[in-house]
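Here's the letter readout for the chains.
Protein chains: 2
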Amino acid sequence: MAEKIDALAARYGREVAWHPYLLGAVYKVTGGVPLTGLPMKGEYALHDIVRSARYLGLPFVVPEPFPVATQHAARAFYHLQDTDPALARRFALAVFRAFFVDGLDISSLDTVKQVAESVGAPGDELGAAVSADAIKARLKAECEAALARGIFGSPYVVIDGECFWGVDRLPQIERWLETGGF
Amino acid sequence: MAEKIDALAARYGREVAWHPYLLGAVYKVTGGVPLTGLPMKGEYALHDIVRSARYLGLPFVVPEPFPVATQHAARAFYHLQDTDPALARRFALAVFRAFFVDGLDISSLDTVKQVAESVGAPGDELGAAVSADAIKARLKAECEAALARGIFGSPYVVIDGECFWGVDRLPQIERWLETGGF
Chain A
89 MAEKIDALAA RYGREVAWHP YLLGAVYKVT GGVPLTGLPM KGEYALHDIV RSARYLGLPF
149 VVPEPFPVAT QHAARAFYHL QDTDPALARR FALAVFRAFF VDGLDISSLD TVKQVAESVG
209 APGDELGAAV SADAIKARLK AECEAALARG IFGSPYVVID GECFWGVDRL PQIERWLETG
269 GF
Chain B
89 MAEKIDALAA RYGREVAWHP YLLGAVYKVT GGVPLTGLPM KGEYALHDIV RSARYLGLPF
149 VVPEPFPVAT QHAARAFYHL QDTDPALARR FALAVFRAFF VDGLDISSLD TVKQVAESVG
209 APGDELGAAV SADAIKARLK AECEAALARG IFGSPYVVID GECFWGVDRL PQIERWLETG
269 GF
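Going down the list, the sequences are from chains A and B.
Going by the working numbering, the letters in the first sequence line up with residues 89 to 270, in that order.
Going by the working numbering, the letters in the second sequence line up with residues 89 to 270, in that order.
There is no bait here: all hints are sound.
Treat identical chains as interchangeable: a pair holds within one or across any two.
Keeping only pairs whose Cα atoms sit at most 25 Å apart, straight-line, the calculated BS3-like set for lysine-lysine is:
1. LYS116 / LYS129
2. LYS224 / LYS116
3. LYS228 / LYS129
4. LYS201 / LYS228
Calculated directly from the structure, the hints in this document are not laboratory data.
Owing to the predicted nature of the structure, the values given are computational and were not obtained by experimental measurement.
Take these sequences, add in the hints, and give me the full structure.
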């Protein structure tokens, strides 16, 4: 979804507001569990995600370990977002690619810093930034906002109040943008 | 999926072997729960299923109650299948429409009989047929076969050993049929 949504939105004169949040924080409230741990469904899901990436023409490997903690990456995004939204977007995409293409462990702060530097962000200052109370509170508030909005999964897209969960809803998202709702 | 899969297969010179089974029997083993009962996700799912039907151009109402027990309908299918496969297929589609379009309670044997009669099957004999030990064993074996195959949900399609879960995988199914695998 991260690789597709900006270009899709732009074709219909729309912009995407990215909101990283922690799926784990939401799962604590909803009782959700990582898909990959479920009997039978987990095995299917791993196969399906790889096939879906091929279907969409996107490079993809299943990271190991998967899933991982993403609070450093999410906080770094919000830190960058406040000063340079375009840079934050490039960073977010680079983090997704580091994880889902290069198989890097993005739970590591060092990896997050290296990814930030690769897109031209000052990696060094991120170390302090992601442990600042204000940015921790910011991410916590984003998680609470997601929960309050009824958001239980990822990727999740809201257009004009209409909710779409999963990259497999891209065709419905496009129809929605085309028609203004269907 | 029931409304689309036969025509899609036929376009690629393939035939569909339908295998009704009981999702409840599978959930007992996998720990799965009906989607509609999950916090937040259940509410989304009900909205999504209605929107997905509109997207596919199919009439649909959320049945009430939903989900319901389907063993009468599934056994009736296998009973008809043994003597007239084309009739069994018409019956299956009619049961789906009775449930998902007309909102009838297909857990009722009387409803199953009426649906059978509406497609030209002898409703009266179904009453005895669905309580025969052989047909009960047949459905049980189908549920066990589904579990053994790793099938955890519905709709579920297997093509050349490749598994697809959910009506939202129709585009991938079509690509698979077009290309012989991707």
